[in-house]
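Enquirer: Chain residues, written in single-letter form:
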Amino acid sequence: GDSVTQMEGPVTLSEEAFLTINCTYTATGYPSLFWYVQYPGEGLQLLLKATKADDKGSNKGFEATYRKETTSFHLEKGSVQVSDSAVYFCALSRTGGNQFYFGTGTSLTVIP
Amino acid sequence: GAVVSQHPSWVICKSGTSVKIECRSLDFQATTMFWYRQFPKQSLMLMATSNEGSKATYEQGVEKDKFLINHASLTLSTLTVTSAHPEDSSFYICSARDPASGMMEYEQYFGPGTRLTVT
Chain R
1 GDSVTQMEGP
11 VTLSEEAFLT
21 INCTYTATGY
31 PSLFWYVQYP
41 GEGLQLLLKA
51 TKADDKGSNK
61 GFEATYRKET
71 TSFHLEKGSV
81 QVSDSAVYFC
91 ALSRTGGNQF
101 YFGTGTSLTV
111 IP
Chain A
1001 GAVVSQHPSW
1011 VICKSGTSVK
1021 IECRSLDFQA
1031 TTMFWYRQFP
1041 KQSLMLMATS
1051 NEGSKATYEQ
1061 GVEKDKFLIN
1071 HASLTLSTLT
1081 VTSAHPEDSS
1091 FYICSARDPA
1101 SGMMEYEQYF
1111 GPGTRLTVT
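Chains as they are written, first to last, in my numbering: chain R, 1 to 112; chain A, 1001 to 1119.
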């Protein structure tokens, strides 16, 4: 069945460091891929998405490229800030479907 | 963007009692709402999908008699955990969307979650 495997955390980085959070997926066909972010005490928010192979999603300095050949959707940011401290979830959804498959989440802490 | 609220944010109840969790869409009509469950250090697992005015569709392995879902209005869905036991302790998250508004199927707006502890 469909599933998402996400890099385990927690991850602690210094401000302005480079961030990579790995995400790979298993699915038949062509799912849509997402990164959600959850700040403390808040609901999950859509950070970025890609709906077809080779698409690059980007938002707030974060980027992820839909790589069908490696079934990956790694999240990257060139220079993290303290305000990026949150839990990040990779997810997939089938086109036309309601269900999301989430990874386990990666907690990121950025220290000044 | 669209906002979804949940109430309460945290609840403790005794084993054998029932607890109700509310999920509200604050600025849009949610014809479809979803309930997820998250165990510590695990991913969100979809429990059920509810459409306004109809019965919820439960995922395999979810006890419908234990987790009662009511979606009586376009802005409110409730999840009632009946006869709660310690193993029901978890983080429950709802999400909502309104397909009629043109939202894509992946445009779900999530609530902040409710932490249930059963003692």
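In short, the hints are calculated from the structure, not lab data.
Wrong hints could be hidden among the right ones.
[Claimed, not checked] Here are a few chain R residues that face chain A, going by a calculated C-beta distance under 7 Å:
1) Glu42
2) Gly43
3) Leu44
4) Gln99
5) Phe102
6) Gly103
7) Thr104
Just so you know, even glycine gets a beta-carbon here, dropped at the ideal spot from N, CA and C.
Enquirer: Would you mind marking each hint as holding or not holding in the structure?
Expert: Right, here's what the structure says about each hint:
| no. | hint | in the structure |
| --- | --- | --- |
| 1 | Glu42 | holds, 5 Å |
| 2 | Gly43 | holds, 4 Å |
| 3 | Leu44 | holds, 4 Å |
| 4 | Gln99 | holds, 5 Å |
| 5 | Phe102 | holds, 4 Å |
| 6 | Gly103 | holds, 6 Å |
| 7 | Thr104 | holds, 5 Å |
Violation of the numbered hints given earlier is absent; every hint is satisfied by the structure.
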